[in-house]
Amino acid sequence: MEAINFKKIMVATDGSACSGLVAEKGIELARLSGGKIYAVYVVSTDYLAPINGDSFPMSVDPYWESIHEAWKKQGHKAVNSVKNLGEKKGINVEPVLLEGNPSEELIRYAEEEKMDIIVMGTLGKTGLDKLLLGSVAEKMVRHSKVPVMVVRDNCKL
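So for the sequence shown, the UniProt record's numbering puts the first residue at 1; every next one is plus one.
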């Protein structure tokens, strides 16, 4: 049986309290295979989409700009947290901040950068929450050409 080597491991983080386990699993894969981690956070711009066909973008509103900047700060904090965890274990981690629709950007980045695997979490939303919010993990599993390892975390928010 041939060993699986993951040289380029993408760890998708959302910066939540539950994302630590996802980072740990990705880092362990990197340690076992001698791979490099790409810690990726996507600043969602879905809220900038026109509402009810209105072509006036919300991005010109200072309120939305301040929220966008806060999310970018959260993203930097999230990827740097993964980087710090990796460095403690001797693993090379490259932080990556993207903007756009989370599932689309994660898939695009993973395919363009030729990742070997994507490691990501899910809060296990079901029923109405899943119907209303959608699931980035579900979209990734369904549409990514790159294998996706979903880490189910039972942490409570």
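Be aware that one or more of the hints could be misleading.
To be verified - Listed below are the simulated DSSO-like cross-link pairs for lysine-lysine, each with C-alpha atoms no more than 30 Å apart in a straight line:
#1 K83 x K145
#2 K77 x K7
#3 K77 x K139
#4 K25 x K83
#5 K114 x K77
#6 K36 x K83
#7 K7 x K72
#8 K139 x K83
#9 K139 x K72
#10 K88 x K114
#11 K72 x K88
#12 K25 x K36
#13 K36 x K8
#14 K83 x K72
#15 K8 x K89
#16 K36 x K7
#17 K114 x K36
#18 K8 x K77
#19 K25 x K139
#20 K25 x K88
#21 K88 x K36
#22 K25 x K89
#23 K7 x K73
#24 K36 x K89
#25 K7 x K89
#26 K88 x K73
#27 K139 x K8
#28 K77 x K88
#29 K25 x K77
#30 K8 x K73
#31 K145 x K25
#32 K8 x K145
#33 K8 x K114
#34 K89 x K77
#35 K8 x K25
#36 K145 x K114
#37 K88 x K7
Just so you know, the hints here were simulated from the structure itself, not pulled from any lab data.
Indices of hints not satisfied (ascending): Failing hints: none at all.
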